[in-house]
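Given chain W, work out where chain L should sit, using these hints.
As given, the protein sequences belong to chains W and L, one line each in that order. For the first sequence, this note's numbering gives the first residue as -5, with consecutive numbering after it. For the second sequence, this note's numbering gives the first residue as 39, with consecutive numbering after it.
It is worth saying that the hints were derived from the structure and are not from the lab. Heads up, the beta-carbon is just placed ideally off N, CA and C, and yes, glycines get one too. It is possible that some hints are incorrect.
Once the Cα atoms are required to be at most 25 Å apart in a straight line, the calculated DSS-like pairs of lysine-lysine come out as [as the list claims (entries may be wrong)]:
hint, chain 1, residue 1, chain 2, residue 2
1, W, Lys3, L, Lys139
2, W, Lys51, L, Lys139
3, L, Lys60, L, Lys103
Between beta-carbon pairs, the in silico distance windows are [what the hints assert, rightly or not]:
hint, chain 1, residue 1, chain 2, residue 2, range
4, L, Ser144, W, Glu46, 35 to 43 Å
5, W, Asp50, L, Gln116, 37 to 45 Å
6, W, Gly57, L, Lys111, 36 to 44 Å
7, L, Gly54, W, Pro77, 41 to 49 Å
8, L, Leu84, W, Asn59, 27 to 35 Å
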Amino acid sequence: NAGVTQTPKFQVLKTGQSMTLQCAQDMNHNSMYWYRQDPGMGLRLIYYSASEGTTDKGEVPNGYNVSRLNKREFSLRLESAAPSQTSVYFCASSLGQGPYNEQFFGPGTRLTVL
Amino acid sequence: AQRVTQPEKLLSVFKGAPVELKCNYSYSGSPELFWYVQYSRQRLQLLLRHISRESIKGFTADLNKGETSFHLKKPFAQEEDSAMYYCALSGQAGTALIFGKGTTLSVSS
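Here chain W stands alone, though its shape is the one from the complex (with noise of 0.2 Å):
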């Protein structure tokens, strides 16, 4: 098993431009995860989906969107960079919510915006 898989692991954008990050992930988990980690701030939410067909904002869901495609699946989506979207992002997946629920998380993808 892969885990939780992330594309691409690097990529460089110009102010104004969009992409979407893709997650996917193959231990059958209800709940997947958007985090965002920068020096001294640690990770912060961006947006989670607790279950297929639905999706929630975290802490930082200002210029994001999201989209759970499948059971699998779950894209972020940037439809126009900023410069203080620069960081590493981190996808993650759990069985379901709650104490006894741990996440897993994926290699990251490293987003600079110039």
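Coordinates of chain L only, in the frame set by chain W:
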């Protein structure tokens, strides 16, 4: 508001010394607490969770509800413990995890 505070950005210790990574939380109900770890060039992964009362790689963490703390401890640090450590909180309602800002642990010989 739910919040997790890790007051130290960097903790440097010598091999064999005791380690304590501090974590304080703010939550109105009864939260569940976790420690996640990210080793160099590896994925973020769960280290331990309060509800399991476990010890992983020699690390333990005790939930102190009076002090709203969940500090991570290890009696004798090893060089392979060098990593970024995140404390995280989950509310009983089953919402997504809230992470602290992380503490980098550096263990040198």
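* Distance restraint evaluation - Leu84 (chain L), Asn59 (chain W), Cβ atoms, bounds 27 to 35 Å -> 28 Å, holds
* Holds or violated: 35 to 43 Å for the Cβ distance of Ser144 (chain L) and Glu46 (chain W)? -> 42 Å, holds
* To do: Could you tell me whether the CB distance from Gly54 (chain L) to Pro77 (chain W) stays inside 41 to 49 Å?
  => Since the Cβ atoms of Gly54 (chain L) and Pro77 (chain W) sit about 44 Å apart, the hinted range of 41 to 49 Å holds.
* Asked: Taking 36 to 44 Å as the hint, is the beta-carbon distance of Gly57 (chain W) and Lys111 (chain L) inside that range?
  -> 39 Å, holds
* **Holds or violated: Lys3 (chain W) to Lys139 (chain L), with C-alpha atoms at most 25 Å apart** => 23 Å, holds
* Is the Cα-Cα distance between Lys60 (chain L) and Lys103 (chain L) 25 Å or less? -> Since the Cα atoms of Lys60 (chain L) and Lys103 (chain L) sit roughly 14 Å apart, the hinted pair holds (cutoff 25 Å).
* For the pair we were handed, Lys51 (chain W) and Lys139 (chain L), check the Cα-Cα distance against 25 Å. => Cα-Cα ~20 Å, so holds.
* Using the C-beta atoms of Asp50 (chain W) and Gln116 (chain L), is the stated range 37 to 45 Å upheld? -> Because 40 Å falls inside the window, the suggested range holds.
Going down the numbered hints, you'll see the structure goes against none, and every one checks out.
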